[in-house]
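J.: Make a model of the complete structure from these sequences and hints.
Residue numbers for the sequence shown follow our numbering, so the first one is 46 and each next one is one higher.
Just so you know, these hints were derived from the structure itself, not from any lab.
Treat the hints loosely; a few may be bogus.
Below, in silico cross-link-like pairs of lysine-lysine (PhoX-like), each with a Cα-Cα straight-line distance of 25 Å or less [to be verified]:
#  : residue 1 : residue 2
1  : K164      : K250
2  : K135      : K79
3  : K321      : K289
4  : K510      : K183
5  : K164      : K183
6  : K79       : K469
7  : K79       : K118
8  : K169      : K510
9  : K358      : K484
10 : K255      : K183
11 : K135      : K469
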Amino acid sequence: MKSKAILQLAFFVTQFLCVPVVSGQNAFNPSELKEDFQLFRTALEEAHPGIYRYETKAAMDESFESIVKELDKPLSQQEFYKILNPVLTKIGCGHTKLMPSEDKGFMYYYNMETLFPLKLFLDKNKAYVRYSYDTKVKLEPGTEITAINGIAMGEIIEGLLNNLFSDGHNQTFKYYELNRYFNALFSNFYLEEGKAHNQFNITYKYRGKKGSMSLPSVSYQIVMEHDTAKQNSIPYQLEFKNGKTALLTIRTFWPDEEKYNFEAFLKETFTDINAKSIQNLILDLRGNEGGKDAFGALLLSYLVNAEFRYYDKLVLATNERFTFVEHAQLPEGYEQLRALITQTEDGEFRWEHNGNLAVQTPQENPFKGRVYVLIDGACFSVTSEFCAVANHLDRVSFIGEETGGGYYGNNSGAFAIVTLPNSKMKLGIPLMAYYTAVKDYEFTDRGIVPHYQVQPTIMGILSGKDEIMERTMKIMNKG
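T.: What follows is the structure in structure tokens.
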């Protein structure tokens, strides 16, 4: 995720470790629920700089009012969460989050000991088996799951998409999250906390034959042990595919800086690339959810030979003290920092203290060959900012899937973390709206749409093919 302040890292990792476990939930009475909801709404309306970036105030007001009508009876925390979350997603901000429970693993909140036991690949309204977390389950990879517990797969996917966050009306980031966290999301929204879910009844299709079976549940620990082992922890690397082509893979813009020096790596990388007279650079940004905004501008400075602008402006909702401060954890020095917020003649509140607002200078010896950037729905925040400006400068060719982050920017930076007093859920509100220095893009509410769209398939995944890379090599070889 985009991480412009230490507070945001705390938001995703540290802050939620002290929240009580929600198993055996108590019900909250209507007055308690309404008190929490009023704080929820007030905090968003006061502090969120992009609450009306993609939706009108009238539309958001209507969504908020729809919540009130559902708070007329006692609800558990999970039931309350399922009412608030889909309304929150309508803002169209991938950095806004509602965290309802102990965050042992991001997205895993409820029923952590009884999770769905299959790793699925979701493609539009269909779901295919990649592998099983339980070796006793005998389902062939590629089997289509048509229903779980009597609920059609298409209905499940649609319901989960309505509860996932992304910038604007983008869908690829939602599918990225869905493919990564389906087991967690299904438990959060389709299983009731506190009830036994030791097995799942599924229907399926495989090679034209239909069937049904019961699957045993698995624990969160088993899921994590299996999936974590498959992750590549190297943040970036360079390799040469042949005498003309280099492949630069950057998996994150927030590496462990005690182990990896990004600035030094880029300097060494492009010195090496230029020394070898490389003609084609493949920049693989797939899976890169962002990091430090300065790193996006730095990378671009190695690819252009003229000055460029990166950010157009950074906007806040207000410079006034929030009315909900007693319920919030705010950025360190918040009261002092408010004094540095300026107001324009038209009433807009600006933050002028970011190096990416200045005109950016290219490196002395930038790469001047062809650049092919591989992207997917996980390209978010800083990564999508880099892609947007690179596209605006007409410097690169994009191959793959639409980025998850918005073309014209996002809401992120430092956060207000608001604790709802009764349910104890935590609402993470980004305090700054970032606007990239771009214009005249066709899709105002979307990410960067690639020049060559390549959608991975279940057959490609199961066969170990990198379909986006294969298409890139064909395009590059044709010149």
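J.: Against this structure, judge whether each hint is valid.
T.: Each hint tested on the structure:
no. : hint          : verdict
1   : K164 <-> K250 : 16 Å, holds
2   : K135 <-> K79  : 20 Å, holds
3   : K321 <-> K289 : 8 Å, holds
4   : K510 <-> K183 : 24 Å, holds
5   : K164 <-> K183 : 13 Å, holds
6   : K79 <-> K469  : 13 Å, holds
7   : K79 <-> K118  : 11 Å, holds
8   : K169 <-> K510 : 20 Å, holds
9   : K358 <-> K484 : 13 Å, holds
10  : K255 <-> K183 : 15 Å, holds
11  : K135 <-> K469 : 22 Å, holds
Checked against the numbered hints given earlier, the structure satisfies every one of them.
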